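Build out the structure end to end from the sequences listed, making use of the hints.
Line order of the protein sequences matches chains A and B. Per this note's numbering: the first sequence = residues 1 to 314. Per this note's numbering: the second sequence = residues 1001 to 1285.
The hints are simulated quantities; they were obtained by calculation from the structure and are not laboratory data. Everything numeric in this text was worked out from a predicted model, so none of it was measured. Cβ atoms here follow ideal geometry from the backbone N, Cα and C, with glycine treated the same way. Take these hints with a grain of salt, some might be off.
As the list claims (entries may be wrong) - Partial list, derived from the structure: chain B residues whose beta carbon lies under 7 angstroms from chain A:
#1 A1003
#2 S1005
#3 F1111
#4 D1125
#5 Q1127
#6 G1145
#7 G1148
As the list claims (entries may be wrong) - Partial chain B-side listing against chain A, Cβ under 7 angstroms, derived:
#8 P1029
#9 F1043
#10 P1046
#11 A1059
#12 K1104
#13 A1107
#14 T1108
#15 K1114
#16 N1128
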Amino acid sequence: MKILIIGASGGLAQILIQILKSNEPDIQVLGIDNRSCENLFRAPGIEYIQMKYTRGNFENLFRHHEFNTVYHLARQTHTSHTNSIITQRMDFAMLGTARILELCELSGIQNLVFLSTFHVYGALSDNPVFISENAPLRASLQFPELRDVVEMDQLCEAWMWKNQGKIKTVLLRPCNIIGTQVNNTMTRYLSGPISVSPMDYSPHFQFLHEFDMANILYRSMKELPTGIYNIAADDFVSLEEAFKITKTRPLRIPMSMAAILNYGLKQVKLDLPDYLISYLRYSCLISNGAIKKVLGDNFLRFSTRDALGAIRLK
Amino acid sequence: MLALSNTDKKKIERIIRTMKKEYPEGTDPWGLNLELAEKTLKFLTPLYRSYFKVRLIGAEKIQNKSYVVISNHSGQIPIDAILISMAFLLDVESTHLIRPMVEKFMATLPFINKYASALGAVLGDRQNAHYLLERKQSILVFPEGVKGITKNSPDFYKVQDFTQGFYRMAATHQTAILPLAVIGAEEMYPFVIHASGLGKWMGLPSLPLSLNLLPLPSPIDIYIGDEFTPSDKENEKSIQHNVFLIEQQIKKMILLGLAKRRPFFDFIRKPISHFIIKEFRKKKP
Chain A
1 MKILIIGASG GLAQILIQIL KSNEPDIQVL GIDNRSCENL FRAPGIEYIQ MKYTRGNFEN
61 LFRHHEFNTV YHLARQTHTS HTNSIITQRM DFAMLGTARI LELCELSGIQ NLVFLSTFHV
121 YGALSDNPVF ISENAPLRAS LQFPELRDVV EMDQLCEAWM WKNQGKIKTV LLRPCNIIGT
181 QVNNTMTRYL SGPISVSPMD YSPHFQFLHE FDMANILYRS MKELPTGIYN IAADDFVSLE
241 EAFKITKTRP LRIPMSMAAI LNYGLKQVKL DLPDYLISYL RYSCLISNGA IKKVLGDNFL
301 RFSTRDALGA IRLK
Chain B
1001 MLALSNTDKK KIERIIRTMK KEYPEGTDPW GLNLELAEKT LKFLTPLYRS YFKVRLIGAE
1061 KIQNKSYVVI SNHSGQIPID AILISMAFLL DVESTHLIRP MVEKFMATLP FINKYASALG
1121 AVLGDRQNAH YLLERKQSIL VFPEGVKGIT KNSPDFYKVQ DFTQGFYRMA ATHQTAILPL
1181 AVIGAEEMYP FVIHASGLGK WMGLPSLPLS LNLLPLPSPI DIYIGDEFTP SDKENEKSIQ
1241 HNVFLIEQQI KKMILLGLAK RRPFFDFIRK PISHFIIKEF RKKKP
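So this is what it looks like as C-alpha cells:
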C-alpha cells in the first residue's frame, strides 16, 4: 500500500508518518512539500520530495506512482499579506486543490483524507454554540482572506459527493490543533510568556492535541466512512482559563484597541491575521457528534485542558 | 442605601454553591461564568432591591423544572431580562437559573456581551434554545422581539404581535411555557422617541432618544402567570390559537399590573406623558 502525503514537512504530518510506520511496518509513504525536507523522520519505505506545487509536478508524481491513499494536509499560512503571496495562496488553494483532486480521480485512488479547518465556519457574533457539519461556511463573509480555506473545503466536499461510490473521502474540520511539534499561530500565541487577551469579551475555545489529530488522520483512512467530520474534544475553556493552564500572562486590552495595535504591527510585518483577532471576540465551538457516532465517545486521548497542559512540555 | 444586605450576600453565595454542583468547571459553552456571575450579582442586587424595588408576584407557581419563560418586552434597554433572571434566582425557593435569549446585536457589544453571558444570557438562536432545552434548562424568550423594546412613549405597554418560535420549541421538547408580565420597566425611560431612520443608517436595530440617559428608579412588578404545556400533537391551527391565548394572558396581567402599579413621580410624569400622547396622536391619527 502506497500513501501520498501532501504537506509532509509539517509537524502534524510527521507525527502521522510515525503512527503509520509503527502500525503498518510494510507501508510505503511518499511525502511531498514545497518546504525543505531535511531533518524529517526517516525509516525504510519513507521517501520525501521537495517540489513546487505545480500541475506538471503533480502529474509526474501520479504518472510514476500508484497511490492507494492521499492525505491532503497542505495549506499556506495566512500571516503574510503581500499581494503576491495572497495570489499565490489563492492559486494553490483553488486551482492547486482542483488539480490534485482531478488527478486523484483519474489515477483511481481508494482513499482521500482532506484536512480542512474549523476556521471555515468563522468567528461571528451570531454563531450558535456547537456548530454542526451542516452549518454554512461563513468565514469569508467577514474575512475575504479566508476565501481560500472555504473554497478548498467546498471543492473537496463537492468532489467527495461526486465520487461517493468510487473513492472513500473523509473531510476533517478540526478545532485549534496545538502541541510541541506543530508550528501554528495558536500554539505560538499560547506558548509565549505574555499574550494579548480581550478585556471586553470572553470567548471559549476548544483545543486538540497534535497527537490526537494525527491519530484521527490515521484512523480516517481505516475506520471513517465518506463524510465531513468536525474534530474537537467535549470540553472547552475560556481564554482566561487557557492562559492559566499554559501559564501565559495575559495582557488585557479592549478588542477595539487590538485592531489598532494589529494595524501598527502590520506595518512591521509582525501582525496576527485579522480573522484570528475575531476569535478573541466570539466563540466558535464545534460539535463532535458525527465523529463520535463512528469512533465512539472516547475517540480522543487528550481533553482540551490536557492539550493545553502539554503545550509547555517543549 | 444601595448596599448588599447580609441576607442577600449569604443567599447569593448559596446560589453559586448550588450552581457549582451543576457546573463544576464554573462555566458553560454559552459563556456562563460563576465567578463573574457572583461578583455581578453582588453588585446588582442592591439595585434590584432598593433602586428598582422588584416584586415577584406569584413566585409560588414556579416549580423546580425546565420552562420556556415568555414575557412582554419593555424598557428600551434589556434591563427587564436581567431583572427577571435575578428575580428567578433571588426570590424563588429553588435555585432557578433562566437563560435570557438576547438579540444578535447585543452579542456584538463589548463588556455588555461579556457580563450578560456571565450571568447566563444566550444568543437568541434556535439551535442554542434547542441545546438548552435538551439539557433541561429554562430559557427566557421575548416573543415580541426588538419591536417590543423599541416603543415610543405613547405605545408603552402595547404588546406587539407574538412570534410562534417559542411555542414550537416548547412543543418539540415538551417543556412547559410560563408566561409573565413586567410592569414598571417602561417608566425607566418615560419620554422616548425612536429615530428609526437614523438608527437604520447607523446600522443599529433602534435609536431611542430619551430625556434621561440612565434608567430612572421605577418600581418593577413581575407577575407570574399560569403555565401551559403544549401537547405533542400540535398543528398550525392549534399553535396559532394557543399562542393567541398566551398573548391574551400576558395582556391581562399587564392590565392588572397597571391598575396596581406603585406610584412613581406620577405628579410630573403623568401630565407630560398625556401631553406627548396627545401630540403624537395629532400627528399620527
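These are the hints, each one checked on the structure:
1. Taken as an interface hint, A1003/B does not check out: its beta carbon lies about 28 angstroms from the nearest beta carbon of chain A, beyond 7 angstroms.
2. Interface hint at S1005/B: violated, since its Cβ lies 29 angstroms from the closest Cβ of chain A, which is beyond the 7 angstroms cut-off.
3. Checking F1111/B against chain A: minimum C-beta separation of about 5 angstroms stays under 7 angstroms; hint holds.
4. About 5 angstroms separates the beta-carbon of D1125/B from the nearest beta-carbon of chain A, less than 7 angstroms, and the hint is met.
5. The beta carbon of Q1127/B comes within 4 angstroms of a beta carbon in chain A, closer than 7 angstroms, and the hint placing it at the interface holds.
6. Against a cut-off of 7 angstroms between C-beta atoms, the interface hint on G1145/B is violated, since the closest Cβ of chain A lies about 15 angstroms away.
7. For the restraint placing G1148/B at the interface with chain A, the shortest Cβ-Cβ distance is roughly 20 angstroms, beyond the 7 angstroms limit, so the hint is violated.
8. Nearest Cβ of chain A to the Cβ of P1029/B: about 4 angstroms, under the 7 angstroms cut. The hint holds.
9. Taking 7 angstroms as the C-beta contact cut-off toward chain A, the hint placing F1043/B at the interface is violated, the least distance being around 17 angstroms.
10. Below 7 angstroms, beta-carbon pairs count as interface contacts, and P1046/B has none with chain A, the closest being about 24 angstroms; its hint is therefore violated.
11. Hint status for A1059/B relative to chain A: violated, with the closest Cβ pair at about 30 angstroms, above 7 angstroms.
12. Checking K1104/B against chain A by beta carbon gives a least distance of about 5 angstroms; that is within 7 angstroms, so the hint holds.
13. With its C-beta approaching chain A no nearer than about 4 angstroms, A1107/B sits inside the 7 angstroms limit, and its interface hint holds.
14. Checking T1108/B against chain A: minimum C-beta separation of about 4 angstroms stays under 7 angstroms; hint holds.
15. A distance limit of 7 angstroms between C-beta atoms decides the matter here; for K1114/B the minimum to chain A is near 5 angstroms, and the interface restraint holds.
16. With 7 angstroms as the threshold, the beta carbon of N1128/B comes within range of chain A, its nearest partner Cβ sitting at about 5 angstroms, so the hint holds.
Comparing the model with each numbered hint stated earlier shows that hints 1, 2, 6, 7, 9, 10 and 11 do not hold.
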